[in-house]
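Asker: Here's the letter readout for the chains.
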Amino acid sequence: MSRIGVFICHCGENISRTVDVERVASQASLMAGVAFSTDYKYMCSDPGQTLVKKAIAEHNLTHVVVAACSPRMHERTFRKAAEQAGLNPYLCEMANIREHCSWVHENREEATQKAIEIVGMLIERVKKNRILPTITVPVTKRALVIGGGIAGIQAALDVADCGHQVVLVEREPSIGGHMAQLSETFPTLDCSQCIMTPKMVDLANHPNITLHTYSEIEQVDGYIGNFQVTIRKKARSVDEHKCTGCGICITKCPQKKIPNIFDCNIGMRTAIYVPFPQAVPNVPVIDRENCTMFKSGKCGVCQKVCGPGAIDFTQEDILITEPVGAIIVATGFELYTITEKAKGSPIKGYGEFGHGKIPDVIDGMTFERLASASGPTGGKILRPSDGKEPKQVVFIQCVGSRSREKGISYCSKVCCMYTAKHTMLYHHKVHDGQAYVFFMDARVPGKSYDEFWRRSIEEEEAVYIRGMVSRLYQKGDKIVVMGSDIAVGVQVEIEADLVVLATAVQPQKGADLLAQKLGISYDKYNFYSEAHAKLRPVECATAGIYLAGACQGPKDIPDTVSQASAAAAKVMALFSKDRLEREPIVARVKEATCVGCFACKKVCAYGAVEEKEIRDRQGNLLKVIAYVNPGVCAGCGTCQATCPSKSVELDGYTDEQIVAMIEAL
Amino acid sequence: MSNLKYSYYPGCSLHASATEYDISTREVCTALGIELQEIPDWICCGATPAHNVDELLSLSLSAKNLELAEQVPGDMAVSCASCFSRLKFTQHILGKSETKLKLVEKAIDGPVHLERRVKHLLEILARDYGLDKLAADVRKPLSDITVACYYGCLLTRPTDVPNLDCTEAPTIMESIVETVGGTTVPWTHRLECCGANFTLSRPPVVQQLSNAVLESAKNAGADCIVVACPLCHGNLDIRQKEIESIYGSSYGLPIFYITQLVGLALGIPPERLGLDSLCVSPQNLLKEKKLIQGA
Amino acid sequence: MNPENKNRFEPKIIAFVCTWCTYAGADLAGTSRMQYPANVRVIKFPCTGRIDPVFIIKAFQQGADGILISGCHPGDCHYIAGNYHARRRFAAFRKLLEFIGVDLNRIQFSWVSAAEGGKWVDVVTDLTERVRNMGPMVEFKELALEEQWSGGLDSPDLQQVYEAI
Amino acid sequence: MKKKKMHISQETMDVEMVRKVEQLSGTSVRRCFQCGKCSAGCPMATFMDHPPNRIVRLLQLGQWQRILAGRSIWYCVSCETCSTRCPNQVHLASIMDALRKLSWDQDGPSKESYVQLANKLFLQNIRTYGRQYELRLAAVFNVKSGQFLKDMMLGPKLFAKGKLKVFHQKNKNISEVEKIFSRIDEMRRKGEAL
Ligand SMILES: Cc1cc2nc3c(=O)[nH]c(=O)nc-3n(C[C@H](O)[C@H](O)[C@H](O)COP(=O)(O)OP(=O)(O)OC[C@H]3O[C@@H](n4cnc5c(N)ncnc54)[C@H](O)[C@@H]3O)c2cc1C
Ligand SMILES: Cc1cc2nc3c(=O)[nH]c(=O)nc-3n(C[C@H](O)[C@H](O)[C@H](O)COP(=O)(O)OP(=O)(O)OC[C@H]3O[C@@H](n4cnc5c(N)ncnc54)[C@H](O)[C@@H]3O)c2cc1C
Ligand code: SF4
Ligand code: SF4
Ligand code: SF4
Ligand code: SF4
Ligand code: SF4
Ligand code: SF4
Ligand code: SF4
Ligand code: SF4
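Protein chains in written order, with the numbering used here: chain A, 1 to 665; chain B, 1 to 295; chain C, 1 to 165; chain D, 1 to 194.
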């Protein structure tokens with residue numbers, strides 16, 4: 001038999017002005033199961049809480065209902081008080097007679113009547129409340145970072161500096177990401193390599209960081225604090241431990257005509273290669289598709305010249321498993337290409353710009369490589385077709401971005417700024433050249449950003465033309481740019497030597513597949529979704545997984561680095577405890593009645609429902625039923641409402657509790 | 001040979017100023033065993049003037065033709081780019097707008113048939129009949145002849161309506177010309193406008209735009225231009241002399257209908273392809289390339 | 001409230017709401033001291049995804065005259081997609097209610113976010129007025145659907161609903 | 001040319017008319033963000049007093065009279081370039097159609113009556129013959145537009161090439177065509193048609 005204590009609060013006059021609190025208390029005392037009922041001026045004050053604690057002890061109370069403000073305000077307060085008095089905190093409920101009653105009704109009689117009913121409902125509910133154990137889960141204090149661009153590097157270094165182990169997985173043979181390709185960076189025009197390479201080296205040398213390059217995530221199991229991650233280390237054909245990075249193999253490899261992707265296909269590389277001279281790790285990899293040995297079984301030059309005998313043509317992919325407690329996803333972006341898109345791709349190319357077939361129409365990243373001192377032209381702006389220095393360069397903004405027609409409605413955020421940067425770099429390098437920019441708006445908010453953009457016009461003499469370009473076509477060795485200037489209201493035609501397109505920033509190919517492995521959500525473009533744009537911008541809705549950098553949306557380096565450090569801070573907060581405590585509002589499966597239909601599994605957005613085999617003593621499989629992993633369950637209750645056999649129950653919101661409230665009407 | 005059958009909608013131009021297109025279309029189809037059955041008593045599609053000022057009228061005229069087409073089985077074959085565009089637009093718009101569909105039903109006082117597949121002759125040759133088969137039928141390959149394929153506006157634009165080929169970089173005409181042995185050139189103006197129906201009301205505009213097209217083809221080294229639209233043909237062929245005199249140029253570019261070139265390659269005698277109806281005579285070119293006999 | 005209306009019918013309205021959005025929205029109406037009819041009783045759920053349609057039947061049985069179900073706006077669900085599942089479930093359930101004779105005007109589905117105190121007031125007021133004009137819910141009270149909420153699924157009607165879900 | 005100042009208010013922005021344009025054209029005017037790509041590719045932009053992007057802009061401001069007072073809409077050749085390339089899928093060519101219809105309905109103050117005349121004759125021709133009768137079209141156009149000698153050079157050549165038919169094409173459906181015209185006229189009178 002329950003002995004319920006009911007505590008009615010006046011909230012100064014906030015409640016008692018419209019609700020006759022004494023009457024509520026006396027009515028409550030008449031209700032079945034109520035052993036004690038009283039009212040008090042400020043229940044949440046120290047004396048108020050003491051009153052509750054004392055009553056629990058003196059009257060041997062088994063349950064408590066505090067009728068006061070919203071549970072969102074003080075539920076935690078009173079549950080703690082109950083706990084201090086020796087009750088399980090989940091046997092204490094609040095009846096909201098302030099926000100939902102005294103403040104919204106003027107009629108004293110009606111409000112009092114309603115308050116009595118609300119209290120009655122909660123009394124019936126609390127009777128059905130069960131003791132809920134505090135749930136804690138252990139925390140593996142190692143973090144996984146996926147992606148080794150500036151976002152991943154920054155996050156990994158921050159976590160590692162805090163003394164925790166970090167595993168970094170990078171798909172390419174070297175870390176560095178897009179920032180390693182940039183020439184100089186806005187808004188300060190400092191050299192990208194100069195600020196990037198020291199960080200890359202720090203990372204490689206950090207005692208707390210394990211680096212897996214040329215590797216991908218194969219599988220992710222587990223939940224916050226307890227993930228098991230399987231990593232596929234792709235066959236490099238070079239033994240990382242033996243290789244000294246001397247580079248002789250590269251100089252001797254006869255396959256020298258392979259377009260260098262890192263240089264946006266302007267330069268060439270060999271079949272055994274490092275993507276760029278400052279690569280980390282400085283260990284080459286054999287591109288098996290282009291290596292003669294793999295194609296026809298002949299050659300083997302690299303193997304012959306390699307002193308330490310690091311070349312291993314027989315290497316195979318290997319799978320390794322790492323236990324981690326938190327995951328930071330930092331897989332970055334790729335650029336939209338204007339070439340004809342593959343069938344089935346929702347995004348269209350740019351036929352009106354020649355589908356990428358005009359050699360001197362390049363994208364922004366290619367321009368970065370041309371302008372980079374370590375690039376294929378040694379930092380000279382030379383156009384791809386004939387290596388001449390272009391004297392008229394046309395930049396076109398918003399290519400692919402902000403276009404419903406091409407399937408990308410968002411703004412790519414960085415291209416206004418990097419285009420301004422490009423005009424400056426161009427002007428610095430080609431003094432007698434002229435840069436033109438076709439643009440719609442200049443989206444340059446940020447500290448020192450607008451000033452930067454203005455500088456490109458006022459000091460570096462770029463000509464900005466407000467209007468878009470309809471078509472590009474080759475005419476002799478020029479590219480005819482058919483544009484318009486909407487301010488003047490006329491068509492503009494420029495015969496350009498080089499055209500640079502600010503193409504859209506898109507998520508990496510396969511970003512959706514990685515998200516599915518991780519169980520995180522993504523938007524219709526495949527950018528990863530944060531839990532809340534303002535309040536939880538670096539966390540995924542899936543506990544224990546955090547986001548950093550351009551994989552979450554277009555971002556420049558300052559924003560990327562801020563987010564990476566924020567994600568690292570979140571991970572460190574998680575690692576500050578040995579065990580995680582969480583509200584025990586989780587679903588539980590009644591094994592006896594579960595029929596194993598897994599309707600619950602289908603609706604669970606968190607992947608909390610697992611399959612569990614029930615066997616008899618001999619080990620024969622009896623049935624497969626659902627099991628809710630309490631570490632993963634977020635407590636939404638969707639499974640319970642879905643289960644056809646009523647075999648899953650959400651603690652704290654059981655059918656019994658709800659129906660008790662309905663029946664109290 | 002094939003057993004393809006179509007309900008054929010020639011359209012007004014093919015029965016008047018573009019008779020050679022009609023004639024050559026029929027000849028080519030006969031040669032390939034493609035059966036064209038003309039839709040009895042088809043009416044004008046309204047062309048540009050109708051949709052220009054009265055969409056409802058334009059939709060109704062095309063809807064009426066779609067209804068008339070019900071008398072003849074098979075997909076609808078259309079050679080004129082303008083008629084093709086109007087029929088496709090009608091299907092597109094009425095498929096999307098219930099309101100407009102109701103109005104058109106009322107205007108034509110009957111049901112609207114949107115299901116029938118409307119195909120341009122280019123699709124029929126390149127896809128339904130097939131390039132491989134076409135290649136096998138070639139008797140006199142158009143070797144040595146360099147062709148600029150001109151699409152103009154209506155065959156591919158706008159996105160999602162004609163769905164004949166890629167809007168900005170179509171290749172269907174080139175693929176046909178190359179299949180029958182011709183050489184095609186890349187050129188800048190193959191999708192630019194020739195001035196279209198302004199030919200009556202505003203010849204100077206047409207002259208200016210068509211001049212740019214002719215100039216581009218000439219500069220690209222083409223011997224001739226091939227078209228699949230009577231409007232384009234009218235502007236580039238009939239007005240070519242006039243344009244030359246205004247702009248002081250000399251192009252001398254024969255403008256063929258695609259069916260005329262294909263017909264030649266299939267070995268159909270030139271006189272049956274209406275070649276003598278062309279204003280810019282192709283005689284010299286064809287003789288030079290040994291496609292017709294003569295001194 | 002107007003004393004002349006003393007004897008008029010006062011409907012019972014039950015609101016099934018989610019904690020994160022609508023409950024918080026109703027709290028906001030309170031902190032903003034907005035006024036609305038006192039007929040509504042709120043039952044809090046973690047998420048609309050937790051709301052089992054049989055609660056509606058149960059509530060009608062217990063004498064509710066109108067029911068409000070409200071949660072986060074589409075796309076804003078605190079639990080990613082719970083409200084989406086709820087919507088699908090109720091879409092199927094409405095047919096059943098109609099079939100067994102419940103006037104669907106007694107049930108209101110809406111989205112009220114934590115910031116929409118005013119919307120909460122509007123929704124509650126409108127529903128109360130609407131149900132007041134409809135008069136007491138009598139159709140359903142006699143229906144012997146006792147204990148369906150927890151028992152097996154022997155009623156073919158409910159079976160049908162669950163299949164539809 | 002002197003340009004009148006625009007006074008913008010809820011009264012001067014004729015939203016109703018713009019809605020009508022949107023309805024007729026089946027495209028949204030508000031979507032346009034004035035990138036100017038339409039104007040950049042329009043073959044006729046140099047002939048127009050308002051380039052295509054500005055036509056949409058004027059509609060966004062409810063200033064359709066300014067458009068009809070100009071000649072832009074009568075210089076559009078319906079080439080569909082603008083519609084094809086607009087990043088916002090604004091179907092500008094259809095908007096042009098809708099505006100021409102508005103102007104036509106109002107017997108609008110078009111500065112470019114030749115096009116209107118040609119269109120009118122073309123449609124009359126269809127109404128009378130069921131199909132186009134090019135000789136008559138050209139002849140009547142030249143007479144009505146006062147350009148008796150226009151295209152004189154072409155005429156004989158076309159005859160010689162068999163391109164101008166002296167007799168019009170026979171068609172059993174002439175009466176059907178006439179009926180469509182008159183039904184639409186009727187629907188317009190009753191205000192049923194768009
Ligand atoms: C042309 C251009 C110029 C720019 N100029 C500037 C500038 O001047 N200043 C500025 O502030 N910003 C600039 N930016 C923006 C800047 O490049 C980005 O802000 C920054 O690179 C984002 O870093 P990231 O680490 O998020 O992504 P990325 O640099 O894209 O790094 C992602 C990394 O993850 C790896 N990866 C991807 N998928 C996987 C996977 N499944 N598994 C493992 N690894 C994976 C990739 O290989 C890559 O190494 C420019 C951008 C462009 C396009
Ligand atoms: C009109 C307007 C509308 C906006 N709308 C949006 C929006 O819709 N969405 C959005 O994302 N952002 C919006 N913003 C921006 C948003 O307001 C800011 O991003 C945000 O408030 C910044 O938070 P903050 O904590 O940095 O600064 P603040 O909100 O300014 O907080 C600073 C605090 O520090 C205190 N303080 C100051 N000096 C001292 C001192 N010396 N010692 C102790 N305390 C001190 C101040 O009293 C204040 O409480 C809007 C801004 C404006 C102006
Ligand atoms: S418990 Fe809530 S209602 Fe009571 S005094 Fe504190 S704030 Fe006010
Ligand atoms: S693989 Fe051998 S040759 Fe090549 S860099 Fe390494 S150590 Fe030098
Ligand atoms: S075996 Fe392959 S990688 Fe090595 S040198 Fe030969 S081609 Fe180059
Ligand atoms: S950042 Fe600038 S260039 Fe890039 S999409 Fe946005 S507006 Fe266009
Ligand atoms: S829905 Fe219910 S019966 Fe089906 S597997 Fe889940 S718990 Fe078991
Ligand atoms: S309560 Fe929600 S999160 Fe937990 S298992 Fe059920 S559906 Fe999944
Ligand atoms: S192209 Fe489209 S968005 Fe751009 S100005 Fe023209 S109508 Fe507007
Ligand atoms: S359809 Fe008209 S407005 Fe559009 S590009 Fe062609 S001529 Fe210009």
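Just to be clear, a hint being listed does not mean it is correct.
Claimed, not checked - Simulated pairs of lysine-lysine, DSSO-like, Cα-Cα distance not exceeding 30 angstroms: (1) Lys242(A) to Lys357(A); (2) Lys161(D) to Lys102(B); (3) Lys12(C) to Lys646(A); (4) Lys140(B) to Lys3(D); (5) Lys218(B) to Lys388(A); (6) Lys102(B) to Lys218(B); (7) Lys179(D) to Lys119(B); (8) Lys475(A) to Lys241(B).
Said to hold, decoys possible - Quick list of simulated restraints, FRET-style, between CB atoms: (9) Arg30(D) to Asp126(C): 25 to 33 angstroms; (10) Leu194(D) to Lys5(B): 31 to 39 angstroms; (11) Arg30(D) to Ala92(C): 33 to 41 angstroms; (12) Thr128(D) to Gln283(B): 45 to 53 angstroms; (13) Ala91(C) to Glu610(A): 42 to 50 angstroms; (14) Arg30(D) to Tyr247(B): 19 to 27 angstroms; (15) Leu194(D) to Tyr247(B): 37 to 45 angstroms; (16) Ala136(B) to Ile320(A): 30 to 38 angstroms; (17) Leu131(B) to Phe294(A): 35 to 43 angstroms; (18) Lys41(A) to Ala92(C): 44 to 52 angstroms; (19) Arg33(C) to Lys41(A): 34 to 42 angstroms.
In short, the hints are calculated from the structure, not lab data. Quick reminder that beta carbons are idealized off the backbone N, C-alpha and C, glycines included.
Asker: Is the distance from the Cβ of Leu194(D) to the Cβ of Tyr247(B) consistent with 37 to 45 angstroms?
Answerer: holds (43 angstroms)
Asker: Is the Cα-Cα distance between Lys140(B) and Lys3(D) 30 angstroms or less?
Answerer: violated (63 angstroms)
Asker: Is the distance from the Cβ of Ala91(C) to the Cβ of Glu610(A) consistent with 42 to 50 angstroms?
Answerer: violated (29 angstroms)
Asker: Given the hint of 19 to 27 angstroms, is the C-beta distance from Arg30(D) to Tyr247(B) inside that range or not?
Answerer: Violated, since Arg30(D) and Tyr247(B) (Cβ atoms, about 43 angstroms apart) do not stay within the stated range.
Asker: Has the given pair, Lys102(B) with Lys218(B), been kept, meaning a C-alpha gap of at most 30 angstroms?
Answerer: Roughly 49 angstroms between the alpha carbons, so the hint for Lys102(B) and Lys218(B) is violated.
Asker: Is the hinted pair Lys12(C) and Lys646(A) satisfied, with a Cα-Cα distance of at most 30 angstroms?
Answerer: Judged against 30 angstroms, a Cα distance of about 28 angstroms means the pair holds.
Asker: Is it true that the CA of Lys179(D) sits at most 30 angstroms from the CA of Lys119(B)?
Answerer: Cα-Cα ~28 angstroms, so holds.
Asker: Do Lys41(A) and Ala92(C) keep their Cβ atoms within the hinted range of 44 to 52 angstroms?
Answerer: Given a distance of about 50 angstroms, which is inside 44 to 52 angstroms, the answer is holds.
Asker: Quickly compare the C-alpha distance for Lys218(B) and Lys388(A) to 30 angstroms and report which way the hint goes.
Answerer: Given that 30 angstroms is the threshold and the Cα spacing comes to 28 angstroms, the pair holds.
Asker: With the threshold set at 30 angstroms, check whether the alpha-carbon distance from Lys242(A) to Lys357(A) stays at or below it.
Answerer: Cα-Cα ~43 angstroms, so violated.
Asker: Taking 34 to 42 angstroms as the hint, is the beta-carbon distance of Arg33(C) and Lys41(A) inside that range?
Answerer: Violated - the Cβ-Cβ distance for Arg33(C) and Lys41(A), about 21 angstroms, lies outside 34 to 42 angstroms.
Asker: Given a hinted range of 45 to 53 angstroms, is it respected by the beta-carbon distance of Thr128(D) and Gln283(B)?
Answerer: Because 39 angstroms falls outside the window, the suggested range is violated.
Of the numbered hints listed earlier, those contradicted by the structure are 1, 2, 4, 6, 12, 13, 14, 16 and 19.
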